[in-house]
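Peer 1: Each chain is listed here by its residues.
2 protein chains.
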Amino acid sequence: MNLILLFKEDYIEPGVVRLGGRRMTHIKKVHRAGVGDMLTVGMINGDMGSARVLETAPGYVDMAVILDTPSPAPLPLTLVLALPRPKMLRRILQTVASLGVKEIYLINTWRVEKSFWSSALLEPDRLENELVLGLEQSRDTVMPKVHLRRLFKPFVTRELPEIIQGKMAFTAHPGPWDVCPRSVSKPCVLAMGPEGGFIEREVATFLDIGFKTVSLGERILRLETAVPYIISRLY
Amino acid sequence: MNLILLFKEDYIEPGVVRLGGRRMTHIKKVHRAGVGDMLTVGMINGDMGSARVLETAPGYVDMAVILDTPSPAPLPLTLVLALPRPKMLRRILQTVASLGVKEIYLINTWRVEKSFWSSALLEPDRLENELVLGLEQSRDTVMPKVHLRRLFKPFVTRELPEIIQGKMAFTAHPGPWDVCPRSVSKPCVLAMGPEGGFIEREVATFLDIGFKTVSLGERILRLETAVPYIISRLY
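Residue numbers (the numbering used here), protein chains in the order written: chain A, 1 to 235; chain B, 1001 to 1235.
Same shape as in the complex, but just chain A (with noise of 0.2 Å):
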């Protein structure tokens, strides 16, 4: 925890915090942190800035707030992901928030298994803990938005096309296709498959609509190696 987000419903007054649960608990073990002591604070899809430590006490930790610092400027990328299974999932919403990616539509593809979408993370409350985690890593505010899709067919050919006009759409997908481009540093869409990666006619589907296929070299890195790797590529 880069920086604590803070809610709206944790003003007692104008200027003044009280913290209790994870991050209280985190602001007296992790940051050993007294009255007077300063932290990196950050306003829930706001401005970042410092809390001083007004009061700790048994049930909470009370902090003076000052918003004064930007967040990071969001990544421009749409990510569209084959919805990975529970564990995994939670270390990639953690990861692309920490990115500062803000568009993801996790998507039912042939190779999802059904079960995953079942899944109690997939609530949003439990969606919304995972991202707060990642930005809480990186020291960002705006929470990303995830949408559910749970059809491949309609969502590829009816939604994605609007979603891409005047961006670059590529899909990630190992095989003997140009490596994907570096620095282009634009509004891009990216769609990534599932474990055993897209069929060959999901890869079809994304290519009618203007996406390019492009690989990442001769290895195949996991969905979390792969995010990181090419999102460093893209921007």
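It should be emphasised that the hints constitute simulated quantities derived from the structure, not laboratory data. Just so we're clear, the structure is a prediction, and the values are computed from it rather than from any experiment. One or more hints might be untrue.
As the list claims (entries may be wrong) - Just a sample of chain A residues kept apart from chain B, beta carbon distances all over 12 Å, derived: (1) Leu3; (2) Leu19; (3) Leu122; (4) Glu128; (5) Glu136; (6) Arg139; (7) Ile164; (8) Pro187; (9) Glu195; (10) Tyr235.
As the list claims (entries may be wrong) - Example chain A residues on the side facing chain B (calculated, C-beta under 8 Å, incomplete): (11) Asn2; (12) Thr95; (13) Ser98; (14) Leu99; (15) Ser138; (16) Asp140; (17) Ser183; (18) Ser185; (19) Glu218; (20) Arg222; (21) Thr225; (22) Tyr229.
All C-beta atoms in this analysis are idealised placements derived from N, C-alpha and C, irrespective of residue type, glycine included.
Chain B: place on chain A using the hints.
Peer 2: Structure of chain B alone, referenced to chain A:
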């Protein structure tokens, strides 16, 4: 497992291997391979190729092996990592092996918890197990070398100056430094700190022997995200 890694001991006659344990289970349960099916294989520290299933029995699978393809070029990168906590170490070893890193120094720094050095994961067999998983993921055969260095100062001041001879050397450290350069494509040594980072004195020690301090931008990334991110920038 996108490649099944073979060892000398697997051969029961020239060109024929017999696999049991984890690899056999994977071939039967995940690949669902039967007699005649072809699988991608690679000889440890040797060539890659294909194997045809000859026989499956309750305790083993026999395959006829042809090795005819060189493994991917190694990454000309030496990684110097502050020893991460064991849970993180497992994933990091798999990740760096999958990315093609072949030289890894795990070192002590001020903020490395002493208890991490007594993890059973640091035993040679256990290290190798994790590295094998990374090689199998990315389709590589060349086993990375992991060097353990429990004393920061002697390592950095005596051994590291020789290691960086003829290479570019970078310390990744959050701060107002130049961002890590792109597409260096030369042999590099990259030092990365523990959770909480290197202390300033450590950064200065690296600087003294010729390392350039670089940042990854405004965001602070977890080690397992930062490693693929920075490798993708450098190569």
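Peer 1: List, from low to high, the hint numbers that the structure doesn't satisfy.
Peer 2: Violated: hints 1, 5, 6, 9, 10 and 18.
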